[in-house]
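**Student:** Produce the entire structure from the sequences given, and follow the hints as far as they go.
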Amino acid sequence: MTTSHDAPKPAQRMEERLYKNRYLVDEGRPHVTLRRRAIDSDELKSLVRLCPAGCYTKVERGRVELSLDGCMECGTCRIVCQATGEIEWSYPRGGFGVAFKFG
Amino acid sequence: MSEHFDAIVVGAGPAGNSAALVMAKAGLKVLQIERGETAGAKNVQGAILYADALERLIPEFRDEAPLERHVVEQRVWLLDERSHTGAHYRSDDFNEDRPNRYTILRATFDQWFAAKVREAGALQITDTTVTELVRDEGGRVIGVETDRDGAPLYADVVVLGEGVNGLVGQRAGVRPELDPQHVALAVKETIFLSEEAVQDRFNLDGEDEGVVIEVMGSVSAGMVGTGFLYTNRESISLGVGCLLSDFQETQIPAYVLLDRMKSHPSIAPLIRDGETKEYVAHLIPEGGYDAIPNLSGDGWAIVGDAGQFVNSAHREGSNLAMTTGRLAGETVAALKREGLACNEANLKRYRHALEQSFVMKDLKKYRRLPGVLHGNKHLLTAYPRAISQAMQTFLRVDDVDKRSKERRMMSQFRAARGGWWNVFTDALKMARAWR
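These protein sequence lines are chains P and V, in that order.
Per the numbering used here, the first sequence starts with residue 1, numbered consecutively.
Per the numbering used here, the second sequence starts with residue 1, numbered consecutively.
You may find that some hints are simply not true.
Claimed, not checked - With a cut-off of at most 16 Å between alpha-carbon atoms, the simulated EDC-like pairs for lysine to aspartate or glutamate come out as follows:
no., chain 1, residue 1, chain 2, residue 2
1, P, K101, V, E37
2, V, K29, V, E55
3, V, K365, V, D290
4, V, K364, V, D298
5, P, K20, V, E316
6, V, K277, P, E88
7, V, K277, P, E15
8, P, K101, V, D290
9, V, K336, V, D290
10, V, K116, V, E55
11, P, K101, V, E234
Worth flagging that the hints you see were computed from the coordinates, not collected in a lab.
Quick caveat, the model's predicted, so the values are computed rather than measured.
**Tutor:** Rendered as structure tokens:
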């Protein structure tokens with residue numbers, strides 16, 4: 001069932017969808033980090049499809065990679081992976097991260 | 001900053017702002033802490049503002065608040081892949097001096113609301129994330145730690161208005177972790193059009209009138225969820241949300257649902273040539289009454305989304321946030337006035353006040369609904385399709401006689417649910433959930 005974790009082609013590329021959003025990036029201080037296990041759990045793999053900002057992608061050998069560009073701090077990944085312990089989630093430092101223009 | 005406050009409010013959304021405003025107006029020394037660069041920078045909503053809840057806090061808000069349009073028309077659409085069956089209600093009565101509902105943009109609205117809190121005398125700091133609750137040896141909450149350098153900030157009571165995904169309460173063990181069955185993941189775009197285009201496409205008279213469309217059926221692809229389309233002054237807020245547990249099951253990305261909704265033949269013309277200027281995602285607490293955590297304890301209280309205060313059946317949330325914030329604020333102000341401590345026993349007055357209000361009465365009324373929808377997803381798919389089929393049979397004029405058409409409609413409807421008994425039990429279940 002590994003193929004099910006590939007995100008289907010949306011009508012628009014994620015970068016295009018997100019590029020109008022405003023972010024204040026806290027360089028070098030990611031607010032979400034992965035605590036790798038020997039094998040990525042199904043929960044972690046499912047985030048390739050579930051993360052609404054497309055932060056999780058599948059790279060070589062089926063491993064999941066996290067890139068926080070575009071993160072909207074919704075908390076979906078935190079809840080999905082709460083049992084597996086693979087995600088360390090905190091809010092960005094005050095003032096950093098997504099800054100909604102309209103919300 | 002080692003000063004002591006009467007109250008610290010975590011978060012500057014509708015719940016936190018309401019609590020802080022009420023306490024500051026009562027003369028309490030209030031500190032409000034917001035992690036965004038401004039109030040509203042981290043906040044997401046559809047968004048509909050329900051006037052009554054705000055009017056109780058700021059009676060003159062209509063003269064000052066950044067409002068988009070007042071709602072003169074409510075539409076409910078059942079979608080299948082190619083059609084919508086709609087119920088619309090529009091009345092000129094909604095063009096009243098003090099309209100009941102408005103569309104708003106939360107980023108600007110929350111900034112205005114937070115400014116009112118400052119005017120009332122609360123000290124507000126932004127760009128600051130609260131990281132932990134501070135307790136004394138007895139376990140009583142006495143303040144907060146932030147990500148700023150410096151000592152903890154102390155107060156007699158900490159009001160947590162930190163939102164659905166707030167971490168402070170969870171880390172401190174005063175709120176349970178969120179269950180994927182108790183939250184919806186919603187995504188939304190703010191799509192800009194000209195003011196005239198909004199008015200023409202929705203048959204609106206002038207820059208103030210607005211339309212709200214709630215959408216059910218194929219838009220949620222068999223999951224428990226709904227879509228919405230709200231008219232702002234020169235933009236459309238269009239979004240869709242479903243239970244996170246259902247997204248986990250179907251593995252359909254939320255933005256794929258959003259794109260499908262945007263390209264639906266009934267919706268695409270409404271947003272044509274619009275420019276999307278923001279795409280947002282947010283969780284919505286949908287667990288209802290049974291998912292409400294303990295609301296207060298020694299030195300703390302929970303307000304708004306952090307307490308699961310959303311009436312998903314009626315798409316209400318900001319009014320519950322404002323009302324819970326107000327009642328928590330009033331409780332604390334009353335305890336101060338009476339010289340009583342903000343301890344577990346005394347803060348129970350807040351829960352009691354909520355039980356007397358529409359907030360708990362409504363949530364209690366619909367407590368069965370999340371479970372019923374969860375176990376009966378066909379309600380959201382079979383019926384929209386059956387109704388669409390029936391409408392087509394009814395409306396197409398051909399050489400079939402009307403009695404035969406009626407029979408065909410009835411049999412299509414029955415077939416959609418595999419027999420009348422199932423239709424009957426569905427109706428019964430919904431009636432019970434709604435009771």
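**Student:** Compare the structure with each hint and give your call.
**Tutor:** Consistency of the hints with the structure:
no. : hint             : result
1   : P/K101 to V/E37  : holds (11 Å)
2   : V/K29 to V/E55   : violated (23 Å)
3   : V/K365 to V/D290 : holds (11 Å)
4   : V/K364 to V/D298 : violated (26 Å)
5   : P/K20 to V/E316  : violated (28 Å)
6   : V/K277 to P/E88  : violated (30 Å)
7   : V/K277 to P/E15  : holds (13 Å)
8   : P/K101 to V/D290 : violated (34 Å)
9   : V/K336 to V/D290 : violated (31 Å)
10  : V/K116 to V/E55  : holds (13 Å)
11  : P/K101 to V/E234 : holds (15 Å)
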